Amino acid sequence: MRITRTCELDIDDPRLPELQELEHAEHVWMAFSQRQKQYKQRKANQQDKSSRKELSEHIDMNAKDITRKVKAAMRLNA
485 MRITRTCELD IDDPRLPELQ ELEHAEHVWM AFSQRQKQYK QRKANQQDKS
535 SRKELSEHID MNAKDITRKV KAAMRLNA
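Here our numbering = 1-based position in the sequence shown + 484.
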């Protein structure tokens, strides 16, 4: 079965309004779908950025702890 597009119909064809409505709904659905996809991608990127920042903060804290412990050990051995 071949789907007829509105551009293929004559202006006085009785199916024209219904097909225009269907095509419009299809375009709206595609636009919302694309917007939702972009939102999800943006959200995922923000989470990734946030988790990288947290990881960086943990690494910095661990490095400071190690530095403090090494200095304390060096004082004990001196």
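Keep in mind that the hints were calculated from the coordinates and are not lab data.
Keep in mind that a hint or two might mislead.
[Unchecked claim] Computed list of lysine-lysine pairs in DSSO-like fashion (alpha-carbon distance at most 27 Å, straight line):
id: 1; residue 1: K521; residue 2: K533
id: 2; residue 1: K548; residue 2: K527
id: 3; residue 1: K533; residue 2: K548
id: 4; residue 1: K548; residue 2: K524
id: 5; residue 1: K533; residue 2: K555
id: 6; residue 1: K527; residue 2: K537
id: 7; residue 1: K548; residue 2: K537
Computed from a predicted structure; not experimentally measured.
Do the hints match the structure? See the list:
| no. | hint | in the structure |
| --- | --- | --- |
| 1 | K521 / K533 | holds (18 Å) |
| 2 | K548 / K527 | violated (32 Å) |
| 3 | K533 / K548 | holds (23 Å) |
| 4 | K548 / K524 | violated (36 Å) |
| 5 | K533 / K555 | violated (33 Å) |
| 6 | K527 / K537 | holds (15 Å) |
| 7 | K548 / K537 | holds (17 Å) |
When each numbered hint is compared with the structure, violations occur for hints 2, 4, 5.
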